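Listed in order, the protein sequences are those of chains A and B. Per the working numbering, residue 1406 is the first one in the first sequence, and the count goes up by one each step. Per the working numbering, residue 2 is the first one in the second sequence, and the count goes up by one each step.
Any given hint could be a false lead.
As the list claims (entries may be wrong) - According to the in silico footprint, chain A covers these stretches of chain B (three or more CB under 8 Å from chain A):
hint: 1; segment: 8-21
hint: 2; segment: 61-73
hint: 3; segment: 109-121
To be verified - Here are some of the chain A residues that sit facing chain B, going by a computed Cβ distance under 8 Å:
hint: 4; residue: W1494
hint: 5; residue: L1624
hint: 6; residue: Q1627
hint: 7; residue: D1628
hint: 8; residue: E1646
hint: 9; residue: R1691
hint: 10; residue: W1694
hint: 11; residue: N1704
Claimed, not checked - Which chain A residues stay away from chain B? Per the calculated CB distances, all over 12 Å, these:
hint: 12; residue: D1532
hint: 13; residue: A1558
hint: 14; residue: L1632
hint: 15; residue: D1920
These are computed hints drawn from the structure, not numbers from a lab. Quantities reported herein were computed from a predicted structural model and do not represent experimental measurements. By construction, the Cβ of each residue, glycine as well, lies at the ideal position given by its N, Cα and C atoms.
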Amino acid sequence: MTRLIAATSELFRAFASDESEKANVEAVNIIFGFMKADAAALYYFSGSKEYRFCLAGTEFPIALTEERWKECVRRAEGGGGTARRFGPWTVPGFGEEMACWLGAELYHAGGGVGYIILGRKSGDWSDEEGAALSNIAMAVAPIVRARADRERAEFVRRQVEANLVASDRRLRSFIEDSRDMIYFANAADIVTGVNAAGLELLGRERHEVIGHPFADLALNPQDREPLLRRVRGDGFASDYEIVLRRADGEAIFCLETSHCNRGAEGEFLEIQGIVKDISERIKDEREMWKTNLELAEANMKLQRTQSIMVQQEKLASIGQLAAGVAHEINNPLGFLKSNHATLEKYVRSVVEAWRELRRIVPEAAAGIEGRLGLAEIFEDIEPLFSDSDDGFARIVRIVASLKNFSRAESDEALAPYDVNAGIESTLVVAWNEIKYVAEVKKDFGSIPPISARGGEINQVILNILVNAAQAIGSLKREGKGLIAISTRVRGDRAVISISDDGPGIPKDIQSKIFDPFFTTKDPGSGTGLGLSISYDIVVAKHGGSLTASSEGVAGATFVVELPIAGPPEGAGGD
Amino acid sequence: MGLAELLAAYNAAHGPDPAAVTRSPDGVLVLLSGELDMRVSNDLAPILDAALQDCSPGGRLLLDLSKVTYIASMGVGLLTNLMGKAERQSIRLVLVDIPPRVRKIMEVLGLMAFFNEERREGVEPP
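Isolated chain A (complex conformation):
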């Protein structure tokens, strides 16, 4: 009994002096010596969830596979704390066969088990020895178990810690190695964290981002507001487009998906967001948009050019027609005028002959004169010839004007052009439009011949004159309006000013009146091309200027300025 107490005390000392598993080896060595065994072993399920085996005479616990463990402890199982005899048996994998074995269960509950087995080469174990092992098992069982439990708790803690570290590392790696920008911002939208991809995207250092409002990173800081509104309201914002600004000023098109992180009380803690660079996609889209716009613009220009060409062709055709008619009229007019002059001479001779005849035979002549009313006829002859002469002169002038006006062939070359004569001839052509609505007041200065395509300039003047007449006519007033035309030389330019006292041009359309297809006339009345073509002729083809102004209610004034020396080098039109 005394020996048992001493052995137990020694066991307690061994456990107390060493917190490691080596104490179990020391314990089995003590039991081995005390029980005078030829072999002794302690089996237990360790705190680190491993099957362990401590053999007397060794220094360290040995790990066992589950199969080997089962093979080893099968003989010692059962019986609770009471020692059991068995044998002959060999510790599987270790040592020699022993004739007699004594085994006791240390504990068997709560997922942990432990056994002590002792072997003897010869002879049996006595009941006293069995009782002694039972006592020893009872004494050390709580210690071995408590140490295993403590070790298990420690093991679990270490495992949780390792898991936490691994999880944290995984999360950090996910954030840091992400190709997209990941950021955190507090409730006031101040950036509190950003990954490497974010810094690279922004081309900024960490301190230039963290601690700054996220809005400062956007090209339009206000564009952050809709996202914040959604995150605060719905808790998230998906695929929100925002343009960020790199440190070098470059704009980066991004797609952001964010959500808010709320505290236990539902309070807004932070925004967590992923920002994806979609600049390449936007670049491709932009190229597509640009190409479409360029195509549409080219298409529109083509349409306009075609319309303008058609209109110019029409005008040129009208000009050619007028020239043809003038030419056709010119020949009969020539012989009509010549015949008329001959006829006048003949009639004067006949009248002279009649007057001589009346002197010779007065009575007979008076009778004939009275019967035929010759006195009135002779009286009318002079004004008739005079009126006819005027008529012929007017026809000659109109024909000449038509011929002068109609030089609008598209390949017309630059030639000296008399501005005042051009206006006169154009007035003749436009007269039918003007004569019932307006008087024309001319104030022509002395203008040297300018180098121009006269037919084209006449078209411009015709256009302005007809517009002026139509504008005056639109007022439906009593009496006629006024078209005032003046010409002057200003520097190296000839300046033609044509004013009317029509309704004028409203201020909001003054900038548009030279645009192709812009018209204020009723549908079908105007093509909207007249002033556009005029502008092209004066500005593009002749290097001049064409402006319109309208002050108050005083009608409109168009001013055409043309370089006297002709279009500068490089002016279009040919």
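Please arrange chain B on chain A, whose structure you already have, making use of the hints.
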């Protein structure tokens, strides 16, 4: 569906930021407001197409952007597509009172030069 029905449906879905269309001798004026994001741009496209059909060749379609507070790439795409369609129909598309934040995006994309622009006096950007 006619323009009026399209507008009514749009405004029912986007109540706080409605669209409106008015006609004047100056052209057809469409007032846009709010955020031109993907959803709004998709919903606006048929309205703008219908407004374009209301314009006669040589006429003007004016988009009043003064109340637009945000534009996404889909919104820019909407405007560029409309511009292309307008030019093909000889209609002049004019953007009226472009807010600076919208202009900045269009400028960054290099598209501003393609658009006609007008500014009314006394209109402050949002």
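*asked:* When the structure is checked against the list of hints, which entries are broken? Sort them ascending.
replied: 1, 4, 14, 15
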